[in-house]
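Mind assembling these two chains? They're in different frames, but the hints should get you there.
If you're matching them up, the sequences are chains A and B in order.
If you read the first sequence in the working numbering, its first letter stands for residue 1, the second for the next number, and so on.
If you read the second sequence in the working numbering, its first letter stands for residue 1001, the second for the next number, and so on.
Keep in mind that the hints were calculated from the coordinates and are not lab data.
As the structure is a computational prediction, the values presented were derived from the model and not from experiment.
A virtual CB, placed ideally from N, CA and C, is assigned to each residue, including glycine.
Nothing false has been slipped in among the hints.
Sample of chain B residues at the chain A side, in silico, Cβ under 7 Å:
hint, residue
1, R1179
2, I1180
3, R1182
4, S1183
5, P1184
6, R1187
7, R1198
8, G1203
Residues of chain A clear of chain B, computed beta-carbon distances all greater than 10 Å:
hint, residue
9, G27
10, T66
11, G131
12, S144
13, G225
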Amino acid sequence: MLEVRDLTKSFDGFVAVSGVTFGVPRGAISAIIGPNGAGKTTLFNLITGHLRPDRGHVTLNGRDVTRVAPHDLCRLGVGRSFQRTNIFPRLTVFENVQAAFICHRGGGWNLLAAGDGVYRDETAALLESVGLAGRAGEVAGFLSHGGQKQLELGLALALEPEILLLDEPTAGMSAAETHDSIRLIERIARERGLTLLFTEHDMEVVFSIAQRLTVLHQGRVIADGAPDEVRRDAEVRRVYLGERH
Amino acid sequence: MSRVPWAPIALVAALLVPAAGSRFYTFLANDVVIWALFATSLNLLVGYSGLVSFGHAAYFGIGAYATGLLMKKAALPFLLAFPAAGVLAGAFALIFGFFCVRLTRIYFAMLTLAFAQIVWAICFKWNELTGGEQGMPDIPYPDLAVMGRLPLVGALRVSDHYYLLSVLLVGLCLWLLRRIVRSPFGRLLTTIRENPERAEFIGVNVRRYELAAFVLAGAFAGLAGGLFGIFNRGVFPDFAYWTKSSEVLIMTLLGGMGTFYGPTVGALALILLNQQITSYTEYWPFVLGSILVALLFGFPGGLAGAAVALWARTLGRLRSA
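Chain B extracted, bound-state conformation (with noise of 0.2 Å):
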């Protein structure tokens, strides 16, 4: 899997879609990308640390609501509303999460939960400042004139070039998400999640680090729900509603928390099903609970878990042939 390229061909593929000239499917993919970096950041905690959080949409939530916020009310350039939406919610992760860590497993899981409900919670009632029930309509897209300068991409439509900026964006993202992973820190997480009593007595501080990737997933979640604000021309309380906790958690279980590009596959894919699906019958979630139950019992590992099995199974006959 490793000698194929396969990052930098999406990233070009992604930045592709534009060119095809439909307005629905940059829609579609913009969706997708932002979708993607959401699930990737809950992946640092289910995938690498065994930390199931029930919860993760309130970062989210709150990563849409202060990047709408300041560009709208505060009339804030995108260059300062984006980082800060991964600020606050990194800052609200960190508060919250502070007593998550304290619980295990199935506590763990409600007490996320419980800290998103209250996020809703607020968002739906706090009128002044969140548009209440009502959300926030109209944040305005960042000033992207420079890329109405470029060549090429200098004709396209305003929610292209938000989209070319979603992908970059999203990239770097990826991009660090996948490097932390990868680094000392990343493998210590995977300590925790194998054995968390042992990970203790190799002297890992296993509160203080998981408490690290709560913070960090917090963070990158707040990013994705920045970007989604502006995508999604609005931000309204069910950002941090528990359905999109778990519709983020069924992606990253559909593509595979095994492996780092398994949460995009899940987005891609569950977007695309979605699409599909819905335009043949209106018996939509019962066609995705059977796809997730066939998955989970044939597939444990999702579809990037699948694709990677087949992968190795194909070059191994190839190299056999």
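Excised from the complex, chain A in its bound form (with noise of 0.2 Å):
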């Protein structure tokens, strides 16, 4: 459903994506993995619009999204989470799912309205299915590392996207962590059909969830298939998992 095509970047003649093409299929879970500095995080802003690419294409469900601003491509059922957690600190948690729910389905022109009220049981339903239920009254930034994650994946999920993309969904948390939130993602991913496609430096993660892999290295994808072919391409071995084991 998500095809990126020869796209390319390069800031002040660094080359930081470079002619990267490869598909996610519908209600696939996939990977992108990489050294520190391979590209991922450049793919993931130039896939939602928050960088634009020097070259090449992303289509969604076969529509060109290139050049779709972030809050236009949000509409078109694409979600993301960032790598550095990336939430409304000083409003509470209830508030920062509201208001994704406010501008996913509506009412964000509405003046007048008493905003306390609108979506509360919405709101109230999603935090319970991330697992923030007992927490709604706090404020987003002092909760823990691994829950503010959690509600980044609640701001997500309230845009009801079909494609979710997550940036490091695990990055810095503790082992016990990352168990539970992959299986979290897992969960949801399942539930709600959801096509997954997420970037991690964490490889049991990867091997344990992911159906498809593409390896990014130095801007350019040197693999792609199904994490056994991956493992076992010499290349891969070569420049990344070799490197680490």
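So this is what it looks like as structure tokens:
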């Protein structure tokens, strides 16, 4: 459902992403891996319209969305979480998710209604499903790192995406937190029939849930396919897995 | 804080000021009331949307000239000239804001200042329309003969009648602004303040919402200006000068931008302090500067923020006792 063709971006002569081509089939869980600086986050920013590519195309369900602005793209069914936790820190947990509902379902131009009551039930249900039910009234910035990641997932899900892009969903988490949050993401993806694309540095996480892998190295795709094929790929072993093991 | 009906209490207290019979105190109260609206309109930008405007006086000035010109030169009734101040100031805010919201942070602030200085320069130089440097004196009071026939207030002075009208109109505007900041629209403004990049990716068209906030803030500042020109019995170019913009910004910070009524408290505090301290010393700006420094370090939430915290602590102590 998501196709990336020949995507290229350079910053002041440094080529961060170079001729990247890959596809994400509907309903699949796909991962992009690669060492630090391989261009994973830049690639995400290109896909979601936060950066403009120098060349190449992004198509979503056959529609060219290469230069669509972020606020329009998330109306087309693309949800995203960020590598550095990205929430509204001084609003409460409830207000964070409620704002996302207001955006997605409408009502943002209503200047006179009482804001507290809108999408109350939807927000409560979503907080329940991401495991934040008891913490609705807390100030978001005071949640633990794991809690903020859960909230960020909630923000993305409030937009009822068809495809969810998660940038390092377990960055900075302990082993136990990583395990829990991967189970949470997997369960939610299954329940909602989501297509998932995530970047990850933890190989165990990747091989435990991903059905497809794209390996990025110095801005280029060096392998693309099922996890087992990728694991056997000689170049991948040399540049990436070899470096670590 | 929510169980005590502070807003109605403040409204009643404000309406009772003329009963004291002092022309001077009613004058001061009228000044406070109008500046409270001006500062609250600014707080829609600074406190709720995270946009620091250094040129908010432009819309205050435009509103003052609009009402003044329409009442003095076109002899229109107040009932038309007053809303016109909001509409005209809002229209200018739409034009200037269209450019301002394309910039962020310090560049946004500088561009608002630049537009305000243009407005000031036009008011200063366009002699035929604005009276130029001399300004436009003798703005008539609105026809408030109706109030003269009412019991209790009938015997009061014309300036007292105008004061009561100001209180009611400002009360109505503050009530509207309060509804706006508590609406779904207001909630989305706070997401922009907190994290504009993220707001974009829950689907907020950040620039458009910022522009809407800018227009609303400009319109309410225009209404405050319309009231002020009549109160001041004249409209002068310095209404739009940058010192007015900084004065209203100081009020907002002094009172506290984190609470809705913070700017109102700030307007009250700044005008009373100014009044009191200038009667003791000519170094009033020095005293004000010291107070601001102490406040910014000691109570970053401003006077209102400090009061809310104190109130919460007192309530907590009462409950546990």
